[in-house]
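2 protein chains.
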Amino acid sequence: MRARVFVTLKPSVFDPQGTTVAEALHALGYAAVKDVRQGKYFELEIDAGSEDEVRRLAAEAADKLLANPVIESYRIEVS
Amino acid sequence: MRARVFVTLKPSVFDPQGTTVAEALHALGYAAVKDVRQGKYFELEIDAGSEDEVRRLAAEAADKLLANPVIESYRIEVS
Chain V
1 MRARVFVTLK PSVFDPQGTT VAEALHALGY AAVKDVRQGK YFELEIDAGS
51 EDEVRRLAAE AADKLLANPV IESYRIEVS
Chain Z
1 MRARVFVTLK PSVFDPQGTT VAEALHALGY AAVKDVRQGK YFELEIDAGS
51 EDEVRRLAAE AADKLLANPV IESYRIEVS
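Chains V and Z, in that order, give the protein sequences.
Residue numbers for the first sequence follow our numbering, beginning at 1 and rising by one.
Residue numbers for the second sequence follow our numbering, beginning at 1 and rising by one.
Among the clues, some could well be false.
Which copy? The list can't say, so a pair holds if one copy fits it or any two copies do.
Stated by the list, open to error - List time: in silico DSS-like cross-link candidates among lysine-lysine, alpha-carbon distance up to 27 Å:
#1 40 to 64
#2 34 to 64
#3 40 to 10
Simulated from the structure, these hints should not be mistaken for lab results.
The task is simple: from the sequences and hints, build the whole structure.
Right, here's the structure in full:
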C-alpha cells in the first residue's frame, strides 16, 4: 500500500521558502495568490497487512526521520 | 481557497533523495518500506471566485514556477 506523508513547517514557524515563492508569483502577475507554504512530500510504498499497520509505520518513519517535530508537523494519507 | 500542489519527479527520473530515505529507513529496521519517492509540497492560499479558477491559477503557477516540466510532474487538489 502507499502512504503519502506531507511535512510542513508549523504555522508559528517562519517559512522563507514559501515567502520567496509568493513574491515570485506576485512578480509574475499572480496577485490572487495570498500566501504560500512550502513543505516536503513523501510517497512510501509499504508492504504491510492492513491500512492501520501502514499508517502506523508511516507515522513512525515521519517521527524518526522525515519530520523534525520541533518545527514541523506532518499529515499522512493511506491509499 | 486553498490549492495543494504536489510536485514529484517523473517515474523515469532517478530519485536519489528518495533512495537515501529508503536506505535510512531500512537501517532503522523498517524493511516493510519498499520504496520512497520524495517531492515538494506547496499550499497556495488563492483569492479567486470559483474552484475552477483556483485550480487554473495553481496549474499556471506550477507550470511556470513550482515544477520543472522536463523532469517533474505535479498534481493539484483544491479545498
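Query - Hints that the structure is at odds with (numbers, increasing) - result: none
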